[in-house]
Amino acid sequence: MPIPEDGFWTKISAMISTGELPAVVESGVDMLRLLNAEEALDLEATTEVIETVGKDRYYGGVLDMMKAPGTDQYLGVPISGWVSGIWYRKSMFEENNLEPPTTWENILKAAETLNDPDSKTYGIMISTEESDFTEQSFSSFTGSVGYDLFDDSGAPRFNTPEMKEVLEFYNSLYQYTLPGSNGVEQVKDGFVGGHAGMALYSTYIMGALVEQGMADDIGFAVPEKTEQGGFGMTSTMGISNMISEEERAAAIKFVSYLGNVEANIKWCHMAPGGSNPVLKDVADDPAYLDNEVLKAFGDTAALIPDAFENLQMLGVKDGEVNPAMGNISSKFLIPHCINSILVQGEDIDSAMEACQKALEEEVAAME
Amino acid sequence: MQKSVKVKKTKSGLMQRRESRLGILLILPTLILIGAVIIYPICYNVVLSFQKVALNPHRPSKFIGLKNYVNLFGDPEFYRSLGVTAAYVLVTVLGSTILGLLVALLMNRPFKGRKVARSLLLLSYVAPVVATVYVWKYMFNGLYGVVNYITVDVLHIFEQAPMWQDHPVYSVMLVVFYDIWRVFPYAFLMILAALQAVDESLYEAAQMDGASAWNRFWAITFPELIPSISAIISLRTIWNFYKFDDIYLFTKQVPVLGVYLYETAFAVHDNGGAAAITIVLFVIVFAFVILFGRKAVRK
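From first to last, the protein sequence lines are chains A and B.
Everything in the first sequence is counted per my numbering, starting at 1 for the first residue and increasing by one.
Everything in the second sequence is counted per my numbering, starting at 1 for the first residue and increasing by one.
The hints are simulated quantities; they were obtained by calculation from the structure and are not laboratory data.
Heads up, none of these hints are tricks.
Pulled a few chain B residues facing chain A out of the computed Cβ check, cut under 10 Å:
#	residue
1	Asn-56
2	Pro-168
3	Ala-267
Simulated restraints, written as ranges between beta carbons of each label pair:
#	chain 1	residue 1	chain 2	residue 2	range
4	A	Asp-349	B	Arg-294	49 to 59 Å
5	A	Ala-250	B	His-58	18 to 28 Å
6	B	Met-139	A	Val-184	14 to 24 Å
7	A	Met-366	B	Gly-293	42 to 52 Å
8	A	Ala-364	B	His-156	51 to 61 Å
9	A	Val-184	B	Trp-218	47 to 57 Å
10	B	Val-289	A	Glu-292	57 to 67 Å
11	A	Pro-69	B	Gly-65	26 to 36 Å
12	B	Pro-60	A	Asp-152	25 to 35 Å
13	A	Asp-318	B	Trp-181	49 to 59 Å
14	B	Val-147	A	Asp-116	14 to 24 Å
15	A	Ala-302	B	Pro-60	43 to 53 Å
For every residue, glycine included, the Cβ atom is placed at its ideal position computed from N, Cα and C.
Chain B extracted, bound-state conformation (with noise of 0.2 Å):
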C-alpha cells in the first residue's frame, strides 16, 4: 500500500516537473522579447547615463560618472520644465477625462443618430497629430485664421489678434485646449464601455427609492467607473508626462520635459545626457504609477 502511494507520488512529482519544465518553455519566448524589447535598453540606457557618447563606434565612449545627472540636477530650466509638466499634466488629464465623462453620460442615452455621433466624435483622436496641429495653426494664423476673424472682425473681442503661439498665457492655453480637444474621445470611448456594463437594475432600485438623477450618478454610476477613471488618468498622465510633438509644432513658449529633453540632449546629439534624462523621467513616472496604482486598487 505504503509502497503504491510512494510510486503514485513520485509519478505526480515527475509529472509537476514536467509540466513546470513545459510551462517555462512556453512562456521563454515572452520572457526572452521582454528581456530584447524592454529590459535590455532599459540596462543600456542606464550605462550610457554615464557615459559621454561618440556616436561613431569606432571611436570609444567616455566614462564620466555621474556627470550627466550633476548636470541635470544644476540645471534650473530642469526644474522649471519639470513644474510646467506637471501642471500640463494636471489641467489636461483633469479637462480630457471630465469631457470625456460628461460625452460619455451624453452618448448613452437614446436617441436618433448616436451611432454617426459616436463615431464622428473619434474624429479629434484618430486623425494625425501633424496634421490637426497645422489645421489648428491655420485656424489661429494672424492673416487668415479663422479664429482670429472671428474674434477681431466680427465680434471685436481683440482689437489686433493675440499672438496664439507666442503670449505666456495664450500659448499655454492653446496647447491645452488642443490637447483636451484632441484626447477627450479616448476618455469618452472607455467611460462609454463602462457604462454600457452598469447593471440597469441598480438604477431602477435606486429610482424605487426615489433617488434623484444627481444621487443616482455620484451612488451608482460614479462607483461603477472608478476603475475605468483610474486607468485613464493613470495612461494620460503617463503619456502626457512625455508630450512633445504637438507642444513643440506649436510653440517655443510652453517648455514641458518632452521639449527640454530634445533641446539639451538630442538637438546637440548628447546620448548621454538624453539618457541620463529619460532614467530620471522614467523613475518619477514609475513612482506616480505605483502610488497611484496603489491607491486605485485599494479604492
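Looking at chain A on its own, in the form it has when it is part of the complex (with noise of 0.2 Å):
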C-alpha cells in the first residue's frame, strides 16, 4: 500500500494503536525513539541483527546514534543514510581564488564574496524556516565544536556562549541568504537555479545537480572548527514486537539480507548518491561506484560516506539520546529559536532564553 511520505508518522501512529504494526519498519532514528518509548520495538531482534551484520563494519559514527536509552541494544539497523553537508559551485571558488568551505572562516569569507544580491545571487543558501531540516542544517554547525545540547544530569544548556557563537556564525551567514524562511525548495531551487555559491544541503541533492548538468562543477565539504561536525541521518530498519515467532525469524533474516553487500549497494542505487552506504566495506567496494549518478561527481562521490564517521546529531551525549529531544525536534523549539532571531530580528539573548526556558520545560515534562 503506496503511503505518501509526509502521512507516514500518521499511520505508524495508528498501526501502533491498533497493534498492527509490520513486522519491519524503515524510518529514521527519530520515529525509531517514538517506537522504542511505547514499547513496540523487539531490540533483541535488532542487536542481533547488527551483530549478524558485524558491529565494525559499519561507520563509527551510525551505531553511536542508534543506541536504545540505558541499553546496550540498539533501535534498528542503519541500512543506509544521507549526509548533510555545504555544497559548492568550485568554478566560482577558483575564479575567487577561494579556499574550499571546509572551517567556518572559509565559509563566511565564500559567503561574503559571492554573495550579489542585484543579480539576485547569493553567497550560501541556509535553512531558516521553522522546521526539521533548519534543526538538522544547524546541527552541522553545532556539530563542529562539540557542543552538547545537555549537560551530565540531562539538563538544557542553550543559553551558553558556546551556543551563542554558533547562533551568531549562524546569523553572519544568514546577512548572505535568500531573506525569509527558506525551507528545501529555496535552499535546494536557489542552488540548483544557479542562484547561489553555495547551499546547505543534504546527499538526496546529487540527482538535481546532475539533471542540470552541474555535477563536475560541484565539491561537498562538511565544515569544521575544532573538530568535523557532519550531520545525517540513517534509513534504519526496526523490528516490531508485535509479531509471531516464525514473522520475528523472517524479519531477522529479511534485514540480515540487507546488510550483504551485494544486496546494500543495490538498496543505495535505488536513490543513488541521496542514499550512502553506512558499512565501509560497501562504501568501498567499486561497485558501488558504478552508478551514472555517482560517477558524475567523480571522487566526490567516494569521499561522503566517510561523513558518517564523526556524525553528530543534537541531544546525543556520550552514544545516548535524551528522552526530551524527540519532543523538542517536533515542536521546532531550536528552529523557532533561529527563525526569530534571523528572520524575525529579535534580539538573541532574549530568544535564547526563552528557547531554554522552552527546553527545560520539555525536559520537566518527562520527569
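Assembling the complex is the task here: the two chains are given apart, and the hints tell you how they should meet.
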C-alpha cells in the first residue's frame, strides 16, 4: 500500500494503536525513538541482526546514535543514510581564489565574496524556516564545535556562550542568503537554479545537480571548527514486537540480508547519491560507485560516506539521546529560536533565554 | 355497530403498530450508521480527553481527570490562536461571500461566452489545495516569483522583495487572499443558483413602479438570497474555523487553531490533549451553529 512520506508518521502511530505494526518498519531514528518509548520494538532482534552484519563494518558515528537509552541494545539496523554538508560551485571558488568551505572562516569569507543580491545571486543558501530541516542544517555547526545540548545531569544548556557563538555564526551566514524563511524548496532550487555559490543540503541534492549537468562543477565539504561535525540521518530497519515467532525469524533474516554487500549496493542505488552506504566495505566496493549519478561526481561521491564516521546529532551525549529530544525536535523549539533571531529580528539573548525555558519545560515534562 | 367500530379501531391500531415497526426497521440502518460514524467517535473522543493516551494498546492509558483541559485553558497560546482564528474566519468568510455575490450578479447577466466564463471561475475551487498553495508560493518566491518581479523589478513599489511568508502583516494578507481566491467560487455557485430562482415578475413590477437598480437589489434580490447567504456563511465559518492545510503550508506566522491543534497535540502524539482541544472547538462551533441557525431561520 503506497503511503506518502508526510503521512508516514500518522500511519505508524495508528498502526501502533491498533497493535498491527508491521514486522519491519523502515524509518529515521526519531520514529524509532517513539516506537521504543511505546515499547513496540524488539531490541533483542535488531541487536542480533547488527551482530550478524558485524559491528566493525559500520562507520563509527552510525551505531552511536542507534543506541537505546539505558541499554546496550540498538533501536534499529542502519541500512543506508544521507549526510548534510556544504555543496559549492568549484568554478566560482576558483574564479575568486577562495579556499574550499571546510572551515567556518572559509565558509563566511566565501559567502561574503560570492553574495550579489542585485543580480539575484547569494553567497550561501541555508535553511531558516521553522522545520526539522533548519535543526538539521544548524546541527552541522553545533557538531563542528563539539557542542552538547544537555549537561551530564540531562539539563538543557542552550543559553550558553558556545550556543551563542554558533547562533551568531549562523546569523552571519543569513546576511548572505535569500531573506526570509527558507526551506527545502528555496535552498535546493536556489542552488540548483544557479542563484548561489554554496548550499547547506543533504546528499539528496545530487540527482538534481546531475539533471542540470552541474555535477562536475560541484564540491562537497563538511564544516569544521574544533572538530568535523557532519550531520546525517540513517535509513533504519526497526523490528516490531507485535509479531509471531515465525514473522520475527523472517524479519531477522530479511534485515540481515540487507547487510549483505551486494544487496546493500542495490538498496543504495535505488536513490543514488541520496542514499549512501553506512557500511565501510560497501562504500569501498567499486560496484557501489559504478552508477551514472555517482560517476558524475567523480571522487566527491566516494568521499561522502566518510562523513558517517563523525556523525553529530543535537541531544546525543556519549552515544545516548536525551529522552526529551523527540518532543524538542517535533515542536521545532530550536528552529523557532533560529527563525526568530534571523528572520524576525528578535534580540539574540532574549530568544536564547526563551528557548532555554522551553527546553527546560520539555525536560521537566519527561520526569 | 359498536363491535364493528371496535374491530376497525383494533385493526387500525394494529396497522399503525406494524407501520411504525416497519418505519423503525427502515431507519435502523441509518441510525446504526450515524451511531457508528458520528456518535461513537464523539463519545470516544470525550473519553480520550480525560486520559493520557498510550499509543501502544498493550500499555494502559492513564485517567488524568481534567488535566488536559486545565493545560489547554492555562495556555496563553490557545487564546491567541482563538483570536487569530476568529479574525481570519471573519475576514475570509465575508470576503469570499461578498466576492462570490458580486461575481454571481455579473455572471447572471447574459453575455457571449457566459458558460465558459462560469466554468473557468470554478477552477480555483476544484484544483487540489496543495497544488494551488505551491503555485502561490512560487508566485511569491523571493528569487523567481512573478509577484516580486512585478512589484520590485517592473513597478518599483518595493525596493526589495518583501518577506511575504514572514512579515506579520503580509503573511496574514497572503493566507486571507489565498482563501478568498480559492473558495469564492463556492459562494458564487450557491448564489447564482438562488439568483436563477428569483421570480422575474418581481423585477418587472418594481421596474414599473420606478425602482432603481440599487433599490431593486436591496428590495428584491438580497432578501431572496438571504437563505443561501446564511447557509454559505454558516458552512464556511465551520470549515474555516478548522482551517489547517493551506495556512500550515504557507507560513508559520499565522497561528490559527488548526495549526495550534497540530503543533501542541499531533506533533508530539499527545492524543489525549488533542481530544480535549477538539471537544472545546466542537462546543464553540456547535454554539455558533445553533445561534446563527436560529437567527437565520427567524429572518
